[in-house]
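Q: Each chain, letter by letter, is given below.
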Amino acid sequence: MILRLLVAISIAALAANAGAEQTDLGAFNSEIRPLLGQFCVQCHSADKAKANFRIDDIGGNIAAGNDTVRWEKALEMISIGDMPPASAKVQPSDAQRKKLTQWIADELKKIGRGKQEQTLLLPSQGNRVDHEALFSGEHKGPASSPPRLWRLSPQAYAELLSFDGSDATLDLISGHGFKDYASLTADEATVNVMLQTTDIVASFMVGEQVTLKRKSPHGGHKSRLEDKPNKELTAFCALESPGEGDYLNVVVAGYAEVFEREPSRAEVERYLALLRDTSAQAGHRIGCKTMLRAMMMSPEFMFRMELGLGEKLPDGRRMLSPMELAYAIGFAILDSGPDRELLEAAEQGRLNTRADVEREVRRLLVIPEDPRNRLYQMDHRWWEFKPRKGRLLRFFREFFDYGKAVDVFKDDTRTMDHEPKYLVRDADQLVLFAIEQDRQVLSFLLTTDQFFVSYYGAPEDYYKWREQQLAKTQERDKRDNARNKELGITNPPRYSTKHIPAYNLERLAWNYVPVQPFKQPVPRAGILTHPAWLVAFSGNFDNDIVRRGKWIREHLLADVVPELPIGVDAQLTTDTTLTLREKFALKVNGDECWRCHRKMNPLGEAFELYDDFGRYRTQFNFDHQGNLIGSPKELQSLQNKSQDPRNAGKPEFQITTRAIATAGVLEGTGDKSLDGNVKDAVDLMHRLAKSDRVRQSFVRHAFRYWMGRNETFDDSPTLIAADKAYLNSDGSFTELLVALLTSDSFLYRK
Amino acid sequence: MSLAAGGLMFSPFISQLQAQAAGDVAKLPKRFVFVMRSNGLRTYGIAPVGLEGLVPNPGGDGQAPRNLLQHKLADYKLNDSMSALEPFKDRMTIVNGLSAHMCTGSHGAGFGALGANSGYQVPTAETIDGALANVHPGVFKHLGFKVDPKLEAKVDRPYVTAFGAKQPASFYCDPAMAYGELFGAIATDKDVQARQLGDKKLLDFLVDDTKRMQAQLNSAEKEKLDHYLGAFESLADRRVKLAGMADALDKHAPKFSDKYTSEVEVHRLEAHFDMTAAALIAGLTNVVTIRADTLELNYTGLGLGAWTVHEIGHIERPGGSNKLADQLVKEQEQGVTGVEARQRIRKTQFDQIGALARKLDAVPEGDGTMLDNTLIVMLSDHGAYHHPSFDEFPFVTIGNVGGALRTGQYLHYPNTRYSGNRTLGSFYTTLMHAAGAPRDGFGQLDPNLGETDQKAPLAELLA
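Residue numbers (my numbering), protein chains in the order written: chain A, 1 to 750; chain B, 751 to 1213.
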């Protein structure tokens, strides 16, 4: 077993070392150099220098700046367990590995190099905690989170203000993966956006005519703010000159509108002072709006407080107080925060124990019984489709990252049938369906060959619509109905089918399937073979083998892929006669690139089964000059020409084909029976779905999302319990969440 | 004290006018504009015609020099992509051969590019533009503009500028929003004035409110609120100052047009440059950083829309012969090589820089023009190439900040393997000297080079 060491655990030690210090060369010569000699020099010396990297002549005085870049590379490779390679005959012991990495990290820290502490707090760095050790049971906790303020996510902020637009504030992490993390704060850019947002919302509250896109409340949980202007606030603003009592009343009314509770005496005084002062100089309408905005931008509104105000345990940990719990649970599951029941439970002393927490979590996660009210059913008007329980869905969206499909530019000249936002919606519905089925959730999402496509809603609603449609007598409807009949289409689709060629369905000949999800016409296996994911992980012109492989490595195999080393100039050839895989074969196999790409390419290559629009394929097509035909439109045009009798025998319209190569290699599942060669993506996904490590990696990501931080060894009991809960409940995501949200990691602060 | 009076007291525009009237050059503001592109600023792409052979180039046989090369720009024609700068040849400098091994990163050095450090995605110290803004703050301490691939992006915190450790600067992506914030205070309307007063009261209140909250917290969480607090304070401060500058803003605000909301990225770049010129002339700020493109951007406005900037960086190295024609949209793009595509983008950016220089040169200041007290710096966060080796970190500069810099020259420092090689840190040290805030070095040191040289400014550049 390769034990990966957490660089982060040495942070405290490192901080203590700050300042201009020298390297203890004695320690280097007596303790470090022998380790390098024993485990590294054999391959990295003047004679051999594998990957063009020598360590035999490395300078030990790191603090004086000797060979900084080489040391950083060595640290990265040793700490993530990539070096020495698994094939090496001698491996360092855990203690030796730890000694080496800690020493290098400490020394680099003295000159401000190595991994930055802030960076290590980001979700993308979570895998640096060794996986085997986390799940081995050797670490006993006790678990807790640090006391903290947790900034509201843009979605929660928008939800609380009933303001439609996730740009009510800003995401603090751009790019891929989880966005809402407790280590992040709000800065000027965020505040700037909030100034504008709160101005609009306050204007709406006092009854000014503003175009405010109000959100409809989700999931039966009422938004905190009313859906129409507040009467008291509006009346106050309309007064000619408000009296003493009016000012006091409007503070209380505003407080109730924003915070849904009565203000304390001190709170009344502070906001009253602001209201009076502003009103005196700028008029009471502006005064009132200013007061409302101050409430909406106050730290109490913007940050969730999780300080641990509850009882203190002998080991120094404190439980969250009932009110803190109400908010923590509320925001864990709903963007709108705690509902009335939670707040009442906290106020009435019914939110004190782990059992109380479990009761509330289960209540909020309950699946509606009415089939019409299913999570994945669309609202009455499909364009207003807004998935309920956005926070649950967002976990899967950010975990799989298929939402990025809309950001990948595909030129219209390659096909007119690409509508990524519909693909993402279809994938959302699949995820919501899985959440609702709540059986083998991960395995289902990794292997299912049943997808939603252009889904209408409940089947009975569809049939009703079809009846109406067939009964229509206008010229155009009659023509459509006749054409459908001729083509044998008994179930005409109600909504856009522009994007369905991505599923290898024919736009004009598709019989809509009322009961969904339904079995796909071509081989598919879960979200990673869903067009939305395939597009999200593709380039402008082709598949992205590397990022696909990297995603699997990091999200399903709990592994770390080193960042591209400085100086590697990884340019692919633009030879148009080669397939992507062949281009890579020229470039990365065998040379120093391979050291990292072996972790990614053999996984990503299995997805060559699909093109970069997500369509299943069995062959590559080449034109008469041997150039690969890269777009559906180009292929269609050439096929049309070659089938034209007038072109018979003309060589320039000849299309030659070659079978696609979809073989890949899976290693690192920790299960010998699953590792090995795979036939294609479908085979790969079915094997991954059986792996314990994949399931545990999923649990780790769920932990990060719901705790808002990366896991440490102290969280080991939480992770093991969550994994067990999932396993023992036939893969229930609800049970996994209940386990996480009733864990010490969630409940305690220290 | 009335709002307007408060503004007047703070307004640097006023002191600028006074200094000008008194003919006191030393008191004139020193201004800096950084233009950062993605994908690398190729050494051969900025070397004047006739000197490209001194660097590895698409023709093939150039080698990095072993000794410092110094040429007068007056004797050469500039690279085609830089033709807009011909009129400024005597006032500009091209620097090749600086190394930047303190930087790290696979596609650009992130905060390290302007910081001369290994910060990459987390700001570990102030960057040069942040440092200059700390020394010469304006009403806007610093202005950042970014051409974002997404039209709907409002503001962003790119890995570019930092005022100190963990203090990244934000950049406007949406030109229309930036316009409102920069030039919105022109309004003389009574209602608008009342609203602005409301904003001021709001920000003041939130400062107190946040401090009250902070008093109840432990240190780690206090720090989190520090950022929140800092945001209110600087916003409050700025609004007061802007209100006092309505006249100057009214006079210099650019005309609002379709450019500000255009889907075409080149139009938005132009809008950002227009606002940069106006903001400098109106005295809103002294330091501007323009993030001219990112790796995710598609240059549809240049007929290169089918490729992202990242992909353009991957097309064929110098010297290769592969044409892109087969993969690019055929009708539009007959045979564009990577070299040509990058040249086209670089030209667009240098054209904008030329236009900015012309505008500043048209405004009298002291005994000369505003351009005389300004320095425009073009660089890439990648150094010279798409995947940076950090052996080369090229710069093009226009202006001399009140005569502090020697101009009109092409400098090529010896390659990192030879003695006499100089670093990014030395270049930024030179800028700090020019800004009148000399320092003993800037950023982290490259441990493999001599310390003395790295901490010293570049003598060839200082006047």
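By construction, these hints were calculated from the structure, which means they are not laboratory data. Incorrect hints may appear among the rest.
DSSO-like, lysine-lysine: derived pairs with alpha carbons at most 30 Å apart [said to hold, decoys possible]:
(1) A:K179 / B:K940
(2) B:K940 / A:K231
(3) A:K750 / A:K99
(4) A:K672 / A:K650
(5) A:K110 / B:K916
(6) A:K421 / B:K961
(7) B:K900 / A:K498
(8) A:K421 / B:K1097
(9) A:K179 / B:K972
(10) A:K312 / A:K641
(11) B:K1009 / A:K410
(12) B:K900 / A:K633
(13) B:K1009 / A:K110
(14) B:K961 / B:K972
(15) A:K228 / B:K961
(16) B:K1009 / B:K1097
Computed list of chain A residues with no C-beta within reach of chain B, every gap over 12 Å [as the list claims (entries may be wrong)]:
(17) Y247
(18) T290
(19) M302
(20) R439
Chain B is faced by these chain A residues, among others (derived, beta-carbon under 8 Å) [as the list claims (entries may be wrong)]:
(21) I111
(22) A280
(23) E341
(24) Q520
(25) P521
Note that the Cβ used here is the ideal one computed from N, Cα and C, for glycine as well.
Q: Against each hint, give a clear statement of whether it holds in the structure.
A: Status of each hint after checking the structure:
1. Between A:K179 and B:K940 the alpha-carbon distance is near 42 Å, which puts this suggested pair outside the 30 Å criterion.
2. Distance restraint check for B:K940 and A:K231: the Cα-Cα separation of roughly 27 Å lies within the 30 Å cut-off, and the hinted pair is therefore satisfied.
3. At roughly 28 Å between alpha-carbon atoms, A:K750 and A:K99 fall within 30 Å of each other, so this suggested pair holds.
4. For a cut-off of 30 Å, the pair hint linking A:K672 to A:K650 is broken: about 53 Å separates their Cα positions.
5. At roughly 19 Å between alpha-carbon atoms, A:K110 and B:K916 fall within 30 Å of each other, so this suggested pair holds.
6. Taking the CA atoms of A:K421 and B:K961, the gap is near 44 Å; set against the 30 Å cutoff, the hint is violated.
7. Restraint check: the Cα-Cα separation between B:K900 and A:K498 comes to about 24 Å, which is no more than 30 Å; the hinted pair holds.
8. Restraint check for A:K421 and B:K1097: the C-alpha separation of about 35 Å exceeds 30 Å, so the hint is violated.
9. Between A:K179 and B:K972 the CA atoms are separated by roughly 22 Å; this keeps the pair inside 30 Å, and the hint holds.
10. Between A:K312 and A:K641 the alpha-carbon distance is near 79 Å, which puts this suggested pair outside the 30 Å criterion.
11. Distance check on the hinted pair: B:K1009 and A:K410 sit about 24 Å apart at the alpha-carbon level, within 30 Å; holds.
12. As the CA atoms of B:K900 and A:K633 are separated by approximately 27 Å, the hinted pair is consistent with the 30 Å bound.
13. Using a Cα cut-off of 30 Å, the hinted pair B:K1009 and A:K110 is violated, with the two alpha carbons roughly 49 Å apart.
14. Annotation: proposed proximity of B:K961 to B:K972 holds, straight-line Cα distance about 9 Å (limit 30 Å).
15. With a C-alpha separation of about 33 Å, the suggested pair A:K228 and B:K961 falls outside the 30 Å cut-off, and the hint is violated.
16. About 19 Å separates the Cα atoms of B:K1009 and B:K1097, which keeps this hinted pair within 30 Å; it holds.
17. With a closest Cβ-Cβ approach of about 15 Å to chain B, A:Y247 is found to remain outside the 12 Å limit, as its non-interface label requires.
18. Remark: the non-interface label on A:T290 conflicts with the geometry, its nearest Cβ contact in chain B lying 4 Å away (cut-off 12 Å).
19. With 12 Å as the threshold on Cβ separation, the claim that A:M302 sits away from chain B is violated: the shortest Cβ distance comes to roughly 7 Å.
20. Every C-beta of chain B lies more than 12 Å from that of A:R439, the closest at about 38 Å, which supports listing it as non-interface.
21. Hint on A:I111 holds. Least Cβ distance to chain B is approximately 7 Å, under the 8 Å limit.
22. A least Cβ separation of about 10 Å between A:A280 and chain B goes past the 8 Å threshold, and the interface hint is therefore violated.
23. The beta carbon of A:E341 comes no nearer than 28 Å to any beta carbon in chain B, farther than 8 Å, and the hint placing it at the interface is violated.
24. Because the closest C-beta pair between A:Q520 and chain B is about 30 Å apart, greater than 8 Å, the hint is violated.
25. Interface hint at A:P521: violated, since its Cβ lies 30 Å from the closest Cβ of chain B, which is beyond the 8 Å cut-off.
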